[in-house]
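If you want the building blocks of each chain, they are given just below.
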Amino acid sequence: MGRPVLIEKIGIPGIRDFAVYRAHGGYSLAEKTLKKMTPAEVNREVTKSGLRGRGGAGFPTGLKWSFLDRKTDKPKYLVCNADESEPGTFKDRYLMEHLPHLLIEGLIISSFALGVKTCYIYVRGEFKYIIGILKKAVDEAYQQKFLGENILGTSFSLDIFLHPGGGAYICGEETAMLESLEGKKGNPRIKPPFPAYKGLYDCPTVVNNVETLAAVVPIIGMGGDAYAKIGIGKSTGTKLISACGNINKPGVYEIELGLPVEDFIFSEEYCGGIKNGKRLKAVIPGGSSVPVLPAGLILRTLKGEQRLMTYESLEEGGFDSGTMLGSGGFIVYDEDACMVRNTWNFTRFYRHESCGQCSPCREGTAWMEPVLRRIEQGEGKYSDIDLLVNIADKIEGNTICPFGDAAAWPVSSAIRHFRHEFEFHIEHPEIVKNPDHGSLIQYPVSSIQYR
Amino acid sequence: MNYECRMSGLINHKLYNREKKTIEFSAETLKRIREIIKHYPAERKKSALLPVLHIAQQELGGYLSVDVMDYVAFLLEIQSIEVYEVATFYTMFLLEPAGKYVIEVCQTGPCALCGGERILDHLENVLGIKNGETTSDGLFTLKTVECLGSCGTAPVMQVNTEFYESMTHEKIDQIIEDFKNKGNQQPSETRWADLF
Ligand SMILES: Cc1cc2nc3c(=O)[nH]c(=O)nc-3n(C[C@H](O)[C@H](O)[C@H](O)COP(=O)(O)O)c2cc1C
Ligand code: SF4
Ligand code: FES
Chain A
1 MGRPVLIEKI GIPGIRDFAV YRAHGGYSLA EKTLKKMTPA EVNREVTKSG
51 LRGRGGAGFP TGLKWSFLDR KTDKPKYLVC NADESEPGTF KDRYLMEHLP
101 HLLIEGLIIS SFALGVKTCY IYVRGEFKYI IGILKKAVDE AYQQKFLGEN
151 ILGTSFSLDI FLHPGGGAYI CGEETAMLES LEGKKGNPRI KPPFPAYKGL
201 YDCPTVVNNV ETLAAVVPII GMGGDAYAKI GIGKSTGTKL ISACGNINKP
251 GVYEIELGLP VEDFIFSEEY CGGIKNGKRL KAVIPGGSSV PVLPAGLILR
301 TLKGEQRLMT YESLEEGGFD SGTMLGSGGF IVYDEDACMV RNTWNFTRFY
351 RHESCGQCSP CREGTAWMEP VLRRIEQGEG KYSDIDLLVN IADKIEGNTI
401 CPFGDAAAWP VSSAIRHFRH EFEFHIEHPE IVKNPDHGSL IQYPVSSIQY
451 R
Chain B
1 MNYECRMSGL INHKLYNREK KTIEFSAETL KRIREIIKHY PAERKKSALL
51 PVLHIAQQEL GGYLSVDVMD YVAFLLEIQS IEVYEVATFY TMFLLEPAGK
101 YVIEVCQTGP CALCGGERIL DHLENVLGIK NGETTSDGLF TLKTVECLGS
151 CGTAPVMQVN TEFYESMTHE KIDQIIEDFK NKGNQQPSET RWADLF
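Those sequence lines, one after another, are chains A and B. If you're matching positions, the first sequence starts at 1 in the working numbering and goes up one per residue. If you're matching positions, the second sequence starts at 1 in the working numbering and goes up one per residue.
Some hints here could point you the wrong way.
Dumping the calculated BS3-like pairs for lysine-lysine here, alpha-carbon to alpha-carbon at most 25 Å [as the list claims (entries may be wrong)]:
#, chain 1, residue 1, chain 2, residue 2
1, B, Lys38, A, Lys136
2, A, Lys198, B, Lys46
3, B, Lys38, A, Lys184
4, A, Lys198, B, Lys38
5, A, Lys117, B, Lys46
6, A, Lys234, A, Lys249
7, B, Lys171, A, Lys184
8, A, Lys275, B, Lys38
Derived DEER-like restraints, expressed as beta-carbon distance ranges [stated by the list, open to error]:
#, chain 1, residue 1, chain 2, residue 2, range
9, B, Ile81, A, Lys74, 25 to 33 Å
10, B, Lys182, A, Gly25, 39 to 47 Å
11, B, Arg34, A, Phe319, 46 to 54 Å
12, A, Lys433, B, Gln185, 41 to 49 Å
13, A, Lys191, B, Glu133, 40 to 48 Å
14, A, Glu363, B, Val66, 29 to 37 Å
15, A, Ser267, B, Val66, 54 to 62 Å
16, A, Gly296, B, Gln79, 55 to 63 Å
17, B, Glu35, A, Asn434, 55 to 63 Å
18, A, Gly296, B, Gly115, 21 to 29 Å
19, A, Arg419, B, Gly115, 24 to 32 Å
20, B, Lys130, A, Glu363, 23 to 31 Å
21, A, Lys191, B, Gln79, 23 to 31 Å
Quick look at which bits of chain B chain A covers, simulated, 3 or more residues with Cβ under 8 Å [unchecked claim]:
#, segment
22, 101-112
23, 127-133
Hints were generated in silico from the structure; no laboratory data involved. Note that this is a predicted model, so its numbers are computed, not measured. Ideal Cβ positions, reconstructed from N, Cα and C, are used throughout, including at glycine.
Input sequences plus hints: build the corresponding full structure.
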């Protein structure tokens with residue numbers, strides 16, 4: 001892709017400072033919005049842009065904003081989701097670390113559109129130094145009258161407050177986040193009522209991801225129509241992808257939605273191919289919660305079409321042969337990776353992070369984890385594989401929040417696509433007892449090569 | 001878990017005493033906490049719980065003792081149990097005394113894929129303790145944590161919430177050596193109280 005749209009200012013020295021950001025045109029769109037636009041006009045541009053939530057679910061942002069109860073005389077809140085805990089995802093951290101003022105500008109424009117006077121940025125506690133960077137930026141914005149009472153002499157007032165998490169993945173789920181903001185355990189709420197009606201302190205609330213709210217800035221800059229021209233179909237605009245695993249160039253990349261997955265993995269501009277000249281085995285493209293796909297299926301769909309980095313293309317084939325764009329946490333596995341060990345690892349994660357509120361999730365994750373561990377350690381039975389599928393099926397769709405699905409999908413997809421590895425573990429306990437067995441076993445790996 | 005609290009509120013707060021030991025934030029920190037409470041609606045003081053617990057852990061002994069939690073409950077005018085349940089839910093809060101340097105090694109998928117497990121083994125060897133333990137000199141506590149949002153620079157660990165990325169065995173040896181040399185010097189850390 002050509003020029004970045006969202007993080008175009010990222011290379012500018014000192015861009016973290018207000019003065020530098022301002023000197024490079026920063027905050028001019030907030031100024032334009034507050035002085036020349038109405039909230040309805042901002043909403044219209046965001047709707048036209050086709051922007052979809054960048055936190056994982058991909059819900060259209062304009063539509064979400066339109067649900068906000070605007071008739072009430074209660075205060076309305078905007079909560080910026082900076083909890084970023086989905087394994088494989090580190091894009092929001094990158095954005096906040098380098099362009100804190102871009103996020104604040106996005107929050108000003110979005111709050112204006114939503115009629116919000118108080119905005120909280122909920123940052124995971126482990127990102128303490130990011131909180132420091134944001135704190136400095138927020139203080140600067142107050143000093144420069146971009147926050148506070150009557151911003152730039154207009155009638156619009158806005159406060160932004162920082163709120164730390166305490167180390168709990170589940171607080172990334174929006175209603176758990178609201179509970180956490182209220183000083184409670186992060187137990188997700190039963191929906192409905194949705195936060196748009198009853199959110200923080202029972203008031204109408206919008207929760208959006210960091211990247212979503214920052215993307216509002218270029219949308220206002222170029223106009224919703226122009227933004228919608230970037231990308232393909234309903235996957236408009238650009239997306240930050242955080243790439244990690246066995247690749248030559250891990251990092252955060254802004255891509256135009258529609259980029260072929262193959263180009264993203266193998267081209268020098270992005271991941272730069274698989275490390276140490278190994279072959280590609282599998283990819284989890286959207287954070288640990290989305291289904292894993294083997295090399296063949298991540299590069300091409302079952303129909304033989306080239307797989308693209310779009311919501312639709314990655315979902316092509318449904319659960320049988322597709323996956324999801326999710327949060328854009330792109331995890332790449334080479335031929336030496338053990339998919340059983342990886343599945344066990346993630347299930348251990350979900351077991352640890354389950355909030356414990358509903359039995360299918362609490363008991364299901366606590367059941368799958370030891371079963372996976374014993375298979376991985378060469379102590380499993382054939383029936384364990386079906387047992388896992390069965391437990392995962394019973395969790396899926398039966399829980400208060402989507403965490404249950406997120407815990408089930410990695411297991412069912414790994415067994416669907418890598419059953420031979422699970423069987424190998426059962427058949428060859430002596431080999432898999434070696435913790436480095438991944439590189440000892442020659443599993444079949446797709447031979448697809450980059451053009 | 002009862003404590004005397006005839007007067008409530010920060011301004012009138014009464015010296016809180018248990019085990020004959022006074023637990024109290026400095027006047028300066030109390031002033032900061034009063035400002036943090038104002039970030040939330042007046043009847044929603046409890047919202048300040050997570051920020052105040054981070055401050056308490058840092059400034060009142062390095063972990064959240066029952067006394068510290070009771071004191072926080074008193075400041076925010078909530079029941080002690082409301083603090084206990086939050087402090088036990090979130091993994092960043094330590095409920096027992098820990099070493100001066102709390103080393104937290106990420107164990108989640110992407111880090112494990114890039115050698116995170118061996119980083120933990122190496123730390124266990126170098127420090128002579130197992131995951132979850134504290135060295136006898138009270139300098140180091142070793143813990144495992146889940147994804148720290150830094151998977152592109154795996155394997156990753158944190159020491160007192162500071163990131164150490166792309167870890168190797170050599171880097172670990174160096175870091176541990178440096179900390180040992182600093183000995184009893186208080187680690188220089190950003191104060192939570194200054195972050196909100
Ligand atoms: C278990 C779980 C964890 C989540 N973690 C995050 C997260 O760390 N960051 C985030 O932005 N959204 C996360 N989400 C999605 C949020 O619930 C919510 O959909 C999102 O913040 C909405 O913002 P968006 O529409 O801008 O994407 C998570 C959802 C679930 C179910
Ligand atoms: S699905 Fe899991 S995380 Fe979500 S509410 Fe139920 S127990 Fe909690
Ligand atoms: S897996 Fe270790 S930082 Fe993400």
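Here is what the structure says about each hint:
1. The hinted pair formed by Lys38 of chain B and Lys136 of chain A meets the criterion: a straight-line CA distance of about 19 Å does not exceed 25 Å.
2. Under the criterion of a C-alpha separation no larger than 25 Å, the hint pairing Lys198 of chain A with Lys46 of chain B is consistent with the structure, at around 19 Å.
3. With a CA separation close to 18 Å, the supplied pair Lys38 of chain B and Lys184 of chain A stays within the 25 Å bound.
4. For the suggested pair Lys198 of chain A and Lys38 of chain B, the alpha carbons sit about 22 Å apart, so the restraint of at most 25 Å is met.
5. A distance of roughly 21 Å separates the Cα atoms of Lys117 of chain A and Lys46 of chain B; the hinted pair therefore holds under the 25 Å criterion.
6. With a C-alpha separation of about 29 Å, the suggested pair Lys234 of chain A and Lys249 of chain A falls outside the 25 Å cut-off, and the hint is violated.
7. Under the criterion of a C-alpha separation no larger than 25 Å, the hint pairing Lys171 of chain B with Lys184 of chain A is inconsistent with the structure, at around 39 Å.
8. Our distance criterion of 25 Å between C-alpha atoms is broken by Lys275 of chain A and Lys38 of chain B, whose separation comes to about 51 Å.
9. A hinted range of 25 to 33 Å holds for the C-beta pair Ile81 of chain B and Lys74 of chain A, which are about 29 Å apart.
10. With their beta carbons about 44 Å apart, Lys182 of chain B and Gly25 of chain A fall inside the hinted range of 39 to 47 Å.
11. Checked against the hint of 46 to 54 Å, the C-beta distance between Arg34 of chain B and Phe319 of chain A comes to roughly 52 Å, which is consistent with it.
12. As the Cβ distance of Lys433 of chain A to Gln185 of chain B is approximately 45 Å, the hint placing it in 41 to 49 Å holds.
13. Checked against the hint of 40 to 48 Å, the pair Lys191 of chain A and Glu133 of chain B passes, with Cβ atoms roughly 42 Å apart.
14. Checked against the hint of 29 to 37 Å, the C-beta distance between Glu363 of chain A and Val66 of chain B comes to roughly 30 Å, which is consistent with it.
15. For the pair Ser267 of chain A and Val66 of chain B, the supplied restraint of 54 to 62 Å holds, since their beta-carbon distance comes to about 57 Å.
16. Taking the beta carbon of each, Gly296 of chain A and Gln79 of chain B are about 57 Å apart, inside 55 to 63 Å as hinted.
17. For the pair Glu35 of chain B and Asn434 of chain A, the supplied restraint of 55 to 63 Å holds, since their beta-carbon distance comes to about 56 Å.
18. Range check, Gly296 of chain A to Gly115 of chain B: about 27 Å between beta-carbon atoms, so the 21 to 29 Å window is met.
19. Here the CB-CB span from Arg419 of chain A to Gly115 of chain B is close to 27 Å, well matched to the stated 24 to 32 Å.
20. Hint check: Lys130 of chain B to Glu363 of chain A, Cβ distance near 28 Å, so the stated range 23 to 31 Å holds.
21. A C-beta distance of roughly 28 Å is found between Lys191 of chain A and Gln79 of chain B, which places it inside the suggested range of 23 to 31 Å.
22. Residues of the segment 101-112 of chain B lying with their CB closer than 8 Å to a CB of chain A number 5, which satisfies the three-residue condition for coverage.
23. Given a C-beta distance limit of less than 8 Å, the hint that chain A covers the segment 127-133 of chain B is violated, as 0 residues qualify and 3 are needed.
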